[in-house]
Amino acid sequence: MSAKKTERLLNLVICLLATRRFLAVQEIRAAVPGYEQGTEEAFRRMFERDKEELRELGVPLETGTNSHVHDDEPGYRIARRDYELPEIALEPDEAAALGLAARLWQSAPLAGATGSALLKLQAAGMEPVAAPAALEPRVAASEPAFAGCLAAVRDGRAVTFAYRASGAAAPAARHLEPWGVVSWRGRWYVVGHDTDRGAPRVFRMSRIVGTARPVGPAGAVVPPPGTDLRAAVGRMAVDEPRTTARVSLRSGAGYELRREATGAVDDPDREGWSVVDVGFTDPERLADRVTGYGADAVVLSPDEARHAVVRRLQGLAS
Amino acid sequence: MSRPARGTGGGTVDQLPRLLALVPYLLARPGVRVAEVAATFGVTEERLRKDLDLLWVCGLPGHGPGDLIDVEFEGDTITLLEPAGVTRPLRLTVDEALALVVALRALAETPGLVERDPVDRALAKVEQAAGAAAGPAQRVEVSVEGETRVLPVVRTALDQGRALHLSYYVPARDETTERDVDPLRLLVVDGRTYLEAWCRRAEGVRLFRLDRVADVAVLDEPSAPPADVEHRDVSQGLFRASPDDLLVTLALGPGAAWVADYHPCESVVEQDDGSLVVALRARDTAWVRRLALRLGEQGQVLAPQELAEQVRADARRALAAYQT
Numbered sequence: 001m002s003a004k005k006t007e008r009l010l011n012l013v014i015c016l017l018a019t020r021r022f023l024a025v026q027e028i029r030a031a032v033p034g035y036e037q038g039t040e041e042a043f044r045r046m047f048e049r050d051k052e053e054l055r056e057l058g059v060p061l062e063t064g065t066n067s068h069v070h071d072d073e074p075g076y077r078i079a080r081r082d083y084e085l086p087e088i089a090l091e092p093d094e095a096a097a098l099g100l101a102a103r104l105w106q107s108a109p110l111a112g113a114t115g116s117a118l119l120k121l122q123a124a125g126m127e128p129v130a131a132p133a134a135l136e137p138r139v140a141a142s143e144p145a146f147a148g149c150l151a152a153v154r155d156g157r158a159v160t161f162a163y164r165a166s167g168a169a170a171p172a173a174r175h176l177e178p179w180g181v182v183s184w185r186g187r188w189y190v191v192g193h194d195t196d197r198g199a200p201r202v203f204r205m206s207r208i209v210g211t212a213r214p215v216g217p218a219g220a221v222v223p224p225p226g227t228d229l230r231a232a233v234g235r236m237a238v239d240e241p242r243t244t245a246r247v248s249l250r251s252g253a254g255y256e257l258r259r260e261a262t263g264a265v266d267d268p269d270r271e272g273w274s275v276v277d278v279g280f281t282d283p284e285r286l287a288d289r290v291t292g293y294g295a296d297a298v299v300l301s302p303d304e305a306r307h308a309v310v311r312r313l314q315g316l317a318s
Numbered sequence: 319m320s321r322p323a324r325g326t327g328g329g330t331v332d333q334l335p336r337l338l339a340l341v342p343y344l345l346a347r348p349g350v351r352v353a354e355v356a357a358t359f360g361v362t363e364e365r366l367r368k369d370l371d372l373l374w375v376c377g378l379p380g381h382g383p384g385d386l387i388d389v390e391f392e393g394d395t396i397t398l399l400e401p402a403g404v405t406r407p408l409r410l411t412v413d414e415a416l417a418l419v420v421a422l423r424a425l426a427e428t429p430g431l432v433e434r435d436p437v438d439r440a441l442a443k444v445e446q447a448a449g450a451a452a453g454p455a456q457r458v459e460v461s462v463e464g465e466t467r468v469l470p471v472v473r474t475a476l477d478q479g480r481a482l483h484l485s486y487y488v489p490a491r492d493e494t495t496e497r498d499v500d501p502l503r504l505l506v507v508d509g510r511t512y513l514e515a516w517c518r519r520a521e522g523v524r525l526f527r528l529d530r531v532a533d534v535a536v537l538d539e540p541s542a543p544p545a546d547v548e549h550r551d552v553s554q555g556l557f558r559a560s561p562d563d564l565l566v567t568l569a570l571g572p573g574a575a576w577v578a579d580y581h582p583c584e585s586v587v588e589q590d591d592g593s594l595v596v597a598l599r600a601r602d603t604a605w606v607r608r609l610a611l612r613l614g615e616q617g618q619v620l621a622p623q624e625l626a627e628q629v630r631a632d633a634r635r636a637l638a639a640y641q642t
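Heads up: the protein sequence lines correspond to chains Y and A, in order. So the first sequence is residues 1 to 318, counted in this note's numbering. So the second sequence is residues 319 to 642, counted in this note's numbering.
Same shape as in the complex, but just chain Y:
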């Protein structure tokens, strides 16, 4: 934006804030420096672009006619109550909490939005905040698809992207009515109604190839009432344990299995080993975890879990 244009737009904002009645386009042309030159057509084009630019910045332009005048075309004004940030008085501990939260976002677009939000709050009188140095919360959003998914969710639009499903050879085009985006265990997911499958789905943004593109009108997608985004993502990743395996662990080994296990008793057959109960749903998933401990973990029962581990080890040993 050139300095000349900035000057013209600032004068336009000041002019429309100062008026109570709607100003006709020609009144605006006369009042705001920068509009006086050129043809009527050139002015109209310029004014249209300027309105668009102000709306993008969040300036609420109001359109209407003054009731007592029969105007040919609508005029403009900015209602002060819609424009101005309401009073916000933060206690020092609240300001410190805000300062800490402001450090959360590490990447565009939300890091930039945080910076401009803090400027507005300081312009409203908030003192600069010093967040406690002993805590550094960070959330990255480096996935190329993040900005597109976030914009779609924000505006209530559908979104389309190329998705490489787990185990699939080639990415496929997918269409989603997104209900929300969730960062879970450091990774971003987009949750919504998959219009190709006709069912709710969760997509991992790192598996989206390239960017995500919002499509269709704003406000078209409304999340169903009671949508629990976090639960939707958590469900996808964690199965409720269906049954229990007995696993013998060498002393000191298998910490992560032990931590979620119940009931540890000494193993009568192995000196210094203990037997724990571990919940599982899929014997292959359990085998993933147990084989990682090599000779320090042995599945005792049930047979389906035992066989899954033995098959895995036989494949590796040959």
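Just so you know, nobody snuck in bad clues.
Keeping only pairs whose Cα atoms sit at most 30 Å apart, straight-line, the calculated DSSO-like set for lysine-lysine is:
(1) A:K368 x Y:K4
(2) Y:K51 x Y:K5
(3) Y:K4 x Y:K51
(4) A:K368 x Y:K5
Calculated directly from the structure, the hints in this document are not laboratory data.
Put chain A on the given structure of chain Y with help from the hints.
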């Protein structure tokens, strides 16, 4: 999405939103120092003076002497005498409200991380000030793994400047280690909470993932990290491979493709059948051996040959327990 207002102050792209905030900012702080304003707005003093030059020629229709924004310089201070009606900042945009509300909520909802009450109060005030712009923030969630067993103890040690004893699980070796540390700070990275501390045993700065702390105790002695201790730079991620680390090549079947998502790889080559060949650095061969055992037929060590041999031997040893 909105353009960043910070760090790009040298250009003119963000000049208008900056000016709309600058006028009420100056109005609220008569006699504020030029350097302080420039620092707050993330611009050079030269850039700030250009902004002020522009304000001077803007004002109410008529643009007579009394209609224009008026700014007075005295030494290195600024006083805004006439705001031409721009007395308050613009409302928060949807993106701005979303950035603050989601971040505050993430802090509030992480058990044990911070004192919840001030966060909740700040959240309520920001939501109220944002009004309808805060609506879409309901559709964005950041979940951070909380930790109610270890975190309060670590926070106490940080607050009181005391050293800590940790029983810490090292997954690469599947063993729990005992060590005394001087705590530096808490980090939340990739949705997990870490203690950054000077480890007296390793004589270096280490990150301890709190869910791997088996036991923790505050020691009587003060925290005394070396004076020249430096924070770990985590801006590029937590794990930094060293060229000295062993370069391992793995063939990953479709069921093991997640490995390429979870571990930084030097190269990832997709094969015609959809499988991947990845190269990654490993500081500790025990870690790769356990990974390979875990992956089974879905993950095959291609190189180095000795590592592939070790995995076979590990599997044979483990198998022996099932053949008795």
